[in-house]
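Chemist: Now for the letters of each chain:
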Amino acid sequence: MSSTSPDESRPPDESRTAGDSQTESATETMNLVEAVRHALHTEMARNERVMVLGEDVAENGGVFRATEGLLESFGGERVVDTPLAESGIVGTAIGLAMTDMRPVAELQFMGFAYPAFDQLVSHAARMRSRSHGQYTVPMVVRAPYGGGIRAPEHHSESKEAFFVHEPGLKVVVPSTPADAKGLLIASIRDPDPVVFLEPKLVYRAFREDVPTDTYETPLGEASIRREGSDLTVYTWGAMVHPTLIAADNVADEDGIDVEVVDLRTLSPLDVETLVDSFEKTGRAVVVHEAPKTAGLGAEIAATIQEEALLHQEAPITRVAGYDVPMPLHELEDYYLPQALRIQEGIRETLSF
Amino acid sequence: MSTQNEADHHPDSAPVHGTTDPIQILDADGAVLSNAELPELSDDDLVAMYEDIKLARRFDQRAISLQRQGRIATYAPMTGQEGAQVATGYALDQQDWLLPTYREHAAKYVHGMDLASLLKPLCGLREGYAVPDGVNVMPEYIPIATQVPQATGMAWGEQLQGRTDTAVLCHFGDGATSEGDFHEGLNFAGVFDVPAVFVCNNNQWAISVPREHQTASETIAQKAAAYGIEGVRVDGLDPLAVYAVTRAALQKAKNPADGERRPTLIEAVQYRYGAHTTADDPSTYREEDEAEDWREKDPLDRMRNFLTNRGLLDDDLEAEIDERIEAQLTEAVESVEAATTDPTTMFDHVYDELPPRLREQRAELESLREKYGDEAFHEVLE
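So the protein lines, in turn, are chains R and Z.
Heads up, the first sequence is in this note's numbering, so the first residue is 12 and it goes up one at a time.
Heads up, the second sequence is in this note's numbering, so the first residue is 95 and it goes up one at a time.
A portion of the hints provided could be inaccurate.
As a list, the in silico EDC-like pairs of lysine to aspartate or glutamate whose alpha-carbon atoms are at most 20 Å apart [claimed, not checked]:
#, chain 1, residue 1, chain 2, residue 2
1, R, K303, R, E359
2, R, K303, Z, E447
3, Z, K148, Z, E458
4, R, K303, Z, D442
5, Z, K148, Z, D395
6, R, K303, Z, E458
7, R, K303, Z, E454
8, Z, K465, R, E177
9, Z, K465, R, D265
10, Z, K465, R, E264
11, Z, K148, Z, D446
12, Z, K465, R, D344
13, R, K303, Z, E412
Non-contacting residues of chain R with respect to chain Z, defined by C-beta distances greater than 12 Å in every case (computed) [said to hold, decoys possible]:
#, residue
14, N42
15, L95
16, Q119
17, V132
18, H143
19, E219
20, L280
21, E283
22, E310
Hints are computed from structural coordinates only; laboratory data are not their basis.
No experiment lies behind these values; they were computed from the predicted model shown.
We treat Cβ as the ideally placed atom computed from N, Cα and C, and that holds for glycine.
Only chain Z is shown next, with the shape it has when bound in the complex (with noise of 0.2 Å):
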């Protein structure tokens, strides 16, 4: 029997299809890399990307005191990854879909989702996971990697109707590399050649296993290779070069060269400050100095960096954006507070019909909730 550790041990490493080194723009102190290039954004778009970052963060650590006072359910944080998940929102076109796990809020609100839309399945509600019409983001993953196999038929769909402005992009983490739906999805996205964009934020730990053991790969872009498509590799702390992957990925997914192939997988090389969610305590598995060197090339320290430097941020416009930022995140906690929802939604939207038994079922419900109230139901009886 072999142990687990030897899959630390790499032999000799093979030749990586994209880059080993992932791509970056901003050095850790947020100066643009001398052989670099900036992305065309402009200032008042690179200004926007900074507020979506902060935002995220604020979005996290409310989110984190929200669960911890109870208001919210289970909780999956994103402090770290932001930069990556508002980058690869910004590089989408609005008709282009986007389907996220259940980490990416701020990937979702840059899309089109709006904050109280993102707190509604934290609060349990019945609508939680509707999408706002004319946002073209789908519903969170939360079964690991399901949504890979997903995107490519979404984007052959597409194709199919000749709605060739259109891309795919899905987000998913290291782990979901390991299951078969990933396999399966970049497969009939290299055979199908369909414009889709598969970004995985590889922030190096599933829970508590970390990247090494989750793949004997070196890189997680490596695996491209095996599909026929290209495989690029990252900085993923890097918001401007995350957005230059993507916006060059989905560009080319919509209108690739000549002998180009259409998907790209992005691994976007990152790392999860905190727990996986708030039910986790990654004291158990990783050493808490562990994140401090990936502190050191913050995303959101970087943009603001990047901007004060380029004489685009100053304290005034720093204090206007928090003040903004404050104001949209109280007003989402108290609408979606504020909401209730009616207990027999739950059999709304099952079918496109509702079936006679669940009508019957339906007014089993409502007919016990007349007879006892709805304190009944809350009771824990003794």
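Chain R with its partners taken away, still in its complex shape (with noise of 0.2 Å):
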């Protein structure tokens, strides 16, 4: 077995960043899992060795048909059923991608990851660490994820920060369908393995145009959804939509200014631009669906501190999903962060 250049899979000619699509190229209207469907598409389509598996993602097309019609593309070679097993599904990832193929694992709901975080955490992450570099595993685990939708329970739990916390792995959440697309291909062709984290509350929620070449967005970089003066939200996933609600409303009732920083790229954190935007702000809440305690929203307060502290003009807030199981959905609505909490925080942060 060879080791795998990460050169190998990028073809420099086709690569170019979303950035630079503000010329004449075509674009589609989709929602997020349509650009979730259509990267995979595209990646198949431009090299063979990526593949697709999973439980239910080639005949049934995905529970929420994200691999809808690859069967048909590609074939039942590239496109597997597998058996109910995730830890054979991330440990057969594994060995696929150290074997050269480019392998997108699907686990159904991020709550039915847990058998596989063995594989996740003991293998993927420190493969090219514990052989120098030698062996290396690039492949993508996909898996639907976060609140809202009902779901029964195990359907909507919010656990990025438990992969977060594995050096070697990189953990991407796509809030938008141009970025869903643009950061999957860069995940596919990332030379590490990548947690992609979907959230299914904006599987559907609104399209948006989305080029229809292939283009990567570079894992690593956060994006500035609104800019704003007087305080910095934090936030990724579906929780931007809420928060970009609750941006304009304390504009409009109170005159506040908000910059709005979706993160994107979870892993490794873009500290750069999060820590440029509160040396501008001064002020910080970072809103995210997990459980506060130990969450995403405790190691970005702990960097703008380390990095920014005499900027600082208030403590920093984190509206997070209470410490307690993800409950039923009678009482989604109290336990997740809505515009109703992030205005509050927002409020209270400028206040203080």
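Please dock the two separately framed chains into a single complex, following the hints provided.
Modeler: What follows is the structure, encoded as structure tokens:
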């Protein structure tokens, strides 16, 4: 077996970033799940070593239809319904990746990722390190994640912090269709293992124009969704949208000018964008669905204190899920941060 | 590279531990097979079993309808599988434990859960998984196969404490046999020789993946051989056969003969007539007419014919049963729909004692509700 070079799967002539796409390239209106499907199709057409495996991904096209049509386009060798076994899916994906395939494994819901945890943290994350770079695991593990869709128990959790805590894994969460496509393509081409979490609340929430040709949205770069000068809200995934609503509301009602930073990649963090924004505003709120304690908000707050303490004008507020198991759907609206709680957090931080 | 379709191809059939042909007592028309022995069940029990199967089918229809009206959330239907669920429930003694999945509504009911309790999680209520006192049913297992090692542990615990009249029965599907927990649980059960019965409701489909792509084993029962325990295949649409096999397995678990090991893996061969859940559309992955062969062996029809032939069921009794079922269902639906949940109860029972930080969070939620009212939490702000 030979080690894999990232360049092999990354022909320079086809790689460019979304930032370059303001040229006259064709676009198609898509929602987020369609953009995921489109990204998979694009990369599978371009690189025959890219394959998709998981439960119900082939004949059924995925329980959210994210892989619909791939079996028809690429056949049963590259679009594979596996037995029902998450550790088996991720373990075999690691093996496939180490022998030069480019597997995109699907875990049906993030809440069912735990049987695969051992494979992810004990092996995928550290294969490069243990072998001093000789062996690498260029795979993507996709999983729908987050709450808000009245799903059964174990179908709504946001446990990104488990994976961010693991050195060697990259963790990506798109919040828009165009980002979903570009980030997924970048993840498939990335030489390291990527956990790609898809916020299912926004799978079909809205549509936007997505360039139809191939492009990468670079990993490790946050996106400023709204510019502002009074306070920065750091968030990602499904929480970007209520945050933008909250930002508009506090602008209208209180004249507060909020900057919204969509982190997009949670590991590695874009510390530069994070700190630059804070140096401008001096106040921060972090919004995430995951429980507050030891959630990523803690990491962001600590990073700000390390890098920009002298700019700080107020305590950093975390608007997060409560430290309880995600409740059944009757109480979901109370558990998840929504615009109401985000506005409250913004006003509190401003009034310090 | 090989195609997954090669999993269809089985080499020479290896001998199977247990039987390859599923055990049956009733034929497809509900007549007792000539070589079969009826289990020891009273006439009243037989009629009650029929009523419960019928209740289960009506529950399924009502639940699917409630889901379509948006009155309950995602529901996992059991039509076609009620016979096996009810029969395993009848085989249990009251003190035995039942570990169900999200599909075993009828098994839970037979072992003591009331209908309203079955509906509570579907209504998203905070107390949705609470089990009434004195009922030895675990909250349903939604992750796949995780109940298998727990069943072994519970059986082990009962055994260590000398409660020799108590066994543990756990349900799971054909898909679950692919998970590591299935292997680990059965392996421990064999090693520690615990009083546990593992019932695989092989309904042929794990969402869209057919049984023959789930495992290259010819049967699921044969997997028992690898753990040194008995494996039995039974017609899962024959309630009397499922009862007889499960009852015998439970008795062996509690009181094995010399040289017998206590655990049993039962493969109840059946079919999921409907969708995996109300969020699933089976027409994308299987032919509609596939169900027809199975429907000819329908558990409800078989039991009805069996009872009618024996003079235990007539139109009057059938009408009485129907009336009772409808009244029970209506009452259960009304009672759960009238129930409300106090949002701050999400903080209850997280720990024995609520830590200070959680008390603060609960207070924060309470003050937000006071300030803005509950409506504000449900508004989709634009």
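Chemist: Tell me, in ascending order, the numbers of any earlier hints that this structure violates.
Modeler: 3, 8, 11, 13, 15 and 16
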